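A.B. asks: All chains, please: the whole structure from these sequences, using the hints.
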Amino acid sequence: MAAYRSSLATDLRLEPPEATLMSLTPDAPPPPFADAGLLKQAMRRLVGGVVVVTAGSGEDRVGLTATSAVSLSVDPPTMLVCVNRASSTWPVIVKRQHFCVSILAAGHRPVAERFAGIGALRGPARYAGAEWTTMASGASGLTEAQAIIDCDLEEVIERHSHAILLGAVREVRLGGEAAGALVYGRGSFIDLSPP
Numbered sequence: 001m002a003a004y005r006s007s008l009a010t011d012l013r014l015e016p017p018e019a020t021l022m023s024l025t026p027d028a029p030p031p032p033f034a035d036a037g038l039l040k041q042a043m044r045r046l047v048g049g050v051v052v053v054t055a056g057s058g059e060d061r062v063g064l065t066a067t068s069a070v071s072l073s074v075d076p077p078t079m080l081v082c083v084n085r086a087s088s089t090w091p092v093i094v095k096r097q098h099f100c101v102s103i104l105a106a107g108h109r110p111v112a113e114r115f116a117g118i119g120a121l122r123g124p125a126r127y128a129g130a131e132w133t134t135m136a137s138g139a140s141g142l143t144e145a146q147a148i149i150d151c152d153l154e155e156v157i158e159r160h161s162h163a164i165l166l167g168a169v170r171e172v173r174l175g176g177e178a179a180g181a182l183v184y185g186r187g188s189f190i191d192l193s194p195p
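Residue 109 in UniProt numbering is what sits at position 109 of the sequence shown, and the numbering runs on without skipping anything.
Read the hints as simulated data drawn from the structure, not as lab findings.
Each hint should be verified, as a subset may be incorrect.
[Stated by the list, open to error] Subject to a maximum C-alpha distance of 20 Å in a straight line, what follows is the list of computed SDA-like cross-link-like pairs (lysine to any residue): (1) 40 / 188; (2) 95 / 82; (3) 95 / 169.
[To be verified] Pairwise CB distance ranges (calculated): (4) 186 / 131: 26 to 32 Å; (5) 107 / 186: 30 to 36 Å; (6) 120 / 38: 25 to 31 Å.
This structure is a prediction, so every number in the text was calculated from the model and none was measured.
Using N, Cα and C, we set each Cβ at its ideal position, and we do this for glycine too.
C.D. replies: Below is the structure:
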């Protein structure tokens, strides 16, 4: 398994070679960033599906709750997940070169809360109270999830506080379609019933 390739801001490559990023006002300093607190408030209004991202095995099992997981491509099957580099999950993903995405269903609020750090649980303690299955990568997937997507780490793009993970999908398991979805919006987990 090849180590991930990190793409830093200085690695920007554009095609054709003569292409460059142009500023409309090249002599002006860049505008200031918007207020971080307002951005957080704005993004809390965006309702998103909830996943648990896991990595490691045995005593180095870790995981986190996220709403930032999407399919980047189906040809080849590739996932994109954003992870805070201050999280305990980040170094294990880098070390193990894999991650697993479990798409949570309605009723999985306790799992989402544990992996979000509510209750101060860490590492393998977050896995208690739910049934897990070992995926091809060695990471754990939530048995009752709507779907489990197991990935080898293909590339990492580090920006500011976070890392954008690109994962080559190696295994997908589908759960029952009868369950509703667990979403997150306005600071709360919400169970959505199926139509």
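A.B. asks: All hints, please: hold or fail.
C.D. replies: Each hint tested on the structure:
no., hint, verdict
1, 40 / 188, "14 Å, holds"
2, 95 / 82, "17 Å, holds"
3, 95 / 169, "18 Å, holds"
4, 186 / 131: 26 to 32 Å, "30 Å, holds"
5, 107 / 186: 30 to 36 Å, "20 Å, violated"
6, 120 / 38: 25 to 31 Å, "29 Å, holds"
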